[in-house]
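Build the complex from these two chains, which are given one at a time in their own frames, with help from the hints.
What follows is the residue order along each chain.
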Amino acid sequence: MVSAAPNMKKIKLPLDRKTREKLRAGDVVLLEGRLFTARDQAHRRLVEALSRGDVLPLELRDEIIFYAGPTPVPEGKKSGSIGPTTSARMDPFAARLAEQGVAAFIGKGPRSQEVCRALAENGTLYLVAVGGAGALLGSRVKTIRTVAYEDLGPEAIYELEVEDFPVIVACDLQGADIHNSNS
Amino acid sequence: MMSGLRVLAEEEISSTVTQLAGRASLDLPADVEDGLRSALEAESQPRARFALEMIIENARIAREKNLPLCQDTGFFHLFVSLGNATALPARFQAAADTGIKVATEKYYLRSSIISDPLSVRPDRGDNSPLLVHIDQCDLDSAARFTVLAKGGGSENTTGLHMLLPGEGSAGLKKAVLETVLAKGAWACPPLVVSIGVGADAAGCLELALKGLLRPLGERSERNHLADLEEDLLSQINATGIGASGLGGDITALDVHIEEAPTHIACLPVGIILCCHALRRASLEV
Numbered sequence: 001m002v003s004a005a006p007n008m009k010k011i012k013l014p015l016d017r018k019t020r021e022k023l024r025a026g027d028v029v030l031l032e033g034r035l036f037t038a039r040d041q042a043h044r045r046l047v048e049a050l051s052r053g054d055v056l057p058l059e060l061r062d063e064i065i066f067y068a069g070p071t072p073v074p075e076g077k078k079s080g081s082i083g084p085t086t087s088a089r090m091d092p093f094a095a096r097l098a099e100q101g102v103a104a105f106i107g108k109g110p111r112s113q114e115v116c117r118a119l120a121e122n123g124t125l126y127l128v129a130v131g132g133a134g135a136l137l138g139s140r141v142k143t144i145r146t147v148a149y150e151d152l153g154p155e156a157i158y159e160l161e162v163e164d165f166p167v168i169v170a171c172d173l174q175g176a177d178i179h180n181s182n183s
Numbered sequence: 184m185m186s187g188l189r190v191l192a193e194e195e196i197s198s199t200v201t202q203l204a205g206r207a208s209l210d211l212p213a214d215v216e217d218g219l220r221s222a223l224e225a226e227s228q229p230r231a232r233f234a235l236e237m238i239i240e241n242a243r244i245a246r247e248k249n250l251p252l253c254q255d256t257g258f259f260h261l262f263v264s265l266g267n268a269t270a271l272p273a274r275f276q277a278a279a280d281t282g283i284k285v286a287t288e289k290y291y292l293r294s295s296i297i298s299d300p301l302s303v304r305p306d307r308g309d310n311s312p313l314l315v316h317i318d319q320c321d322l323d324s325a326a327r328f329t330v331l332a333k334g335g336g337s338e339n340t341t342g343l344h345m346l347l348p349g350e351g352s353a354g355l356k357k358a359v360l361e362t363v364l365a366k367g368a369w370a371c372p373p374l375v376v377s378i379g380v381g382a383d384a385a386g387c388l389e390l391a392l393k394g395l396l397r398p399l400g401e402r403s404e405r406n407h408l409a410d411l412e413e414d415l416l417s418q419i420n421a422t423g424i425g426a427s428g429l430g431g432d433i434t435a436l437d438v439h440i441e442e443a444p445t446h447i448a449c450l451p452v453g454i455i456l457c458c459h460a461l462r463r464a465s466l467e468v
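Heads up: the protein sequence lines correspond to chains A and B, in order. The end of the first sequence is residue 183 by the working numbering, with every number in the run present. The end of the second sequence is residue 468 by the working numbering, with every number in the run present.
In case anyone wonders, no lab produced these hints; they're calculated from the structure. Mixed in with the good hints there might be a few duds.
Claimed, not checked - So the derived list for chain B, only partly shown, Cβ under 10 Å to chain A, looks like this:
| no. | residue |
| --- | --- |
| 1 | G187 |
| 2 | R230 |
| 3 | L235 |
| 4 | L250 |
| 5 | R307 |
| 6 | W369 |
Bear in mind that the values here come from a model prediction, so they are computed numbers and not experimental data. All C-beta atoms in this analysis are idealised placements derived from N, C-alpha and C, irrespective of residue type, glycine included.
Chain B on its own, in the form it takes in the complex (with noise of 0.2 Å):
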């Protein structure tokens, strides 16, 4: 082993991943709460502004009374940047599947997870496997933990569109558009779009599911990218869909594309719709 290199802990990777899932489950960031009040600002529309007051106003009994912020307490994701210094142990799934079948008791969470997704039984009662995924970052001997918890239902609006290369950004713009049309109300908006294009089929998936990570109303960094965000949100309110599909001026929070290196036959483009529960919490470890 290399000298200086920090192994983590099992154990702390454990409670790491329980105290993260109840954080995520319990107690809305505040980037998103923000989003969520500035979208009852700018709503005209009585219906919408009806369910946008009831989703505040849910986050704030979820903390008070410690409830998962909605029944569906997702799908778990563990995002580890491990920074220069610092290595992972052999067991690293095991205990990140501990800390998750702990926080599933701990915090009352319903366990939405089944082995065997063609047959028909009863859950397994303990949310795991988590979904890990793994990079670097520019800390020294610590690593970030970021757990997130993603709904099935809006899982089940994403899309993955293998545009032409030649589509370019008018392609990508006329994908997530259709997917916001076609599915945006049963994702429960307002809507969190997250879109990654470029690398491939499962890359630009990946990338998305990172996008949800960036807080809101952060714009990409490179100015193409951030433009085209903001074309896409306005258009993408000028749906009227609106908050729980119930018609209105606010169907999305905000929008964030990642891109990444792809190849000259494609233009791989994945669209999550992240609900308005955006449950994410990270920790420096």
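Next comes chain A alone, as it looks inside the complex (with noise of 0.2 Å):
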């Protein structure tokens, strides 16, 4: 089991404004409830819809965003493997998204100060989960299922019941952010 994590915290979700305020860049938390996944070519489409003014495919006000593609769901399995990707690679998409109301993104690396900035500025948070514990990940998922853009596969965008999710504080509201020590 994974043991030694300071300030652990167990949080239910959604994860509401106030809960948000609270948290602090570092904190390690234990997150139940839903998540939805969208990576590269999945933010592309949200921004794109957005431009157009289309209506999203799934409401994204107090909802977490986690960068990742999973693996196919073994036969008997709840979930194959699934972790996250490097955040950076959204970076030209988190400000547009944060404007609709996310609660935070979950995802792996630093970003840069400009969109750690924008994040706070709209209350989200930037949460980091560990690259390559994929398996372990995956093993705190209780059920996966495709609610939008199911042409791209592993990009799809995947609603995910999780419970005992551990990620870290990397971004929070108040501007910490722990990839950069001088903030």
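Right, dumping it as structure tokens:
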């Protein structure tokens, strides 16, 4: 079991604004509830839809977007492997989606200071999960189903129900960023 | 055909590729797991320790539950070292591709490979084509097959530096450290940093790729390269990037340098930052 986690908190989703305000960069939290996956191509489509003024295929307010593309679910299992992909690739889309009221993004690695600032301004947290721990994180997924852009395969938007899903707060709403000690 | 020459059967190639791709994807090699355990022993920072514990636990869960170590099951490479009296059949690539297609289905691997890089369309679902690298070895009527699964996130951090010959090992060190500082946190550290020096532009990256096959903890046979590896390892760890980029004492599990003859006008340096999930598996056939 993963033990030595400082300030480990269990959080039931949705992640409301009040809870978001209290979280600090460096906090380790265990999430329970609903996440939506979206990575490169899904972001492109979501932002294109917003530009056209279309209704999005899902409501983003207070939801968490997980930058991830899962492996297929093996027969007899609840989930395959799933873990964070590099968040910086989604930087060009982040502010646009944060404006829709997204509670948090989960990914891995540093992202630009401008993005962290834009997220904080919109009340959106940046959380990181440990990259390359897809089997462990997948075993914390209780259900997975496709909700949009099914033609994108692993890049479709999936809805996940997770339990004891470990993430670290990377950028908080006060503007602190664990990847950038100057902030 | 030369007498005594053994031509590998297509079915044997396919089934070996399937088996190795499955093993590489699900079962972290012992040398890599040992490296991660040593990293955890050496690490003093709580967040990095948290990440390392999770990465080690991930390897156990993957093995136990037959789940891929990472959702990015990677781009699959096949290295073939042919023995002196061994040959490949004409339809070798097709046989190898069949092997990876079967593995993708059998082990529930994600297919991350798309046919047309410039257009937006769904994946093709079978992880072909296998990227094949062939050389020779001292085996007789056998060949050594190694499958390497390489993730896309860390692939994006690859560096090619065509240095001036006069820049020498100081230039190489500078290039490696700059690459690690600029991109290391995105490549899922702790990293295995593999460097190819010499050959040409394509060749130095090929050398770096082959450097990933060398067991962790094994130094270059060339003394000056072994010293350079040690030196770079301590300097990379001094960057403080740490496991998962969360800040810590261990940013790399090891540094490998491979060399080859080059042109007098050139000093090509290829740098590969491999994620901590260095997934490879070998078999003699």
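These are the hints, each one checked on the structure:
Checking G187/B against chain A: minimum C-beta separation of about 44 Å lies over 10 Å; hint violated. Below 10 Å, beta-carbon pairs count as interface contacts, and R230/B has one with chain A at about 7 Å; its hint therefore holds. The beta carbon of L235/B is positioned within 10 Å of a beta carbon in chain A (closest approach about 9 Å), and the interface hint is therefore held. Checking L250/B against chain A by beta carbon gives a least distance of about 4 Å; that is within 10 Å, so the hint holds.
Hint on R307/B holds. Least Cβ distance to chain A is approximately 9 Å, under the 10 Å limit. At a threshold of 10 Å, the smallest CB-CB gap from W369/B to chain A is about 4 Å, leaving the interface hint in force.
In the structure shown, a violation is registered for the earlier hint numbered 1 alone.
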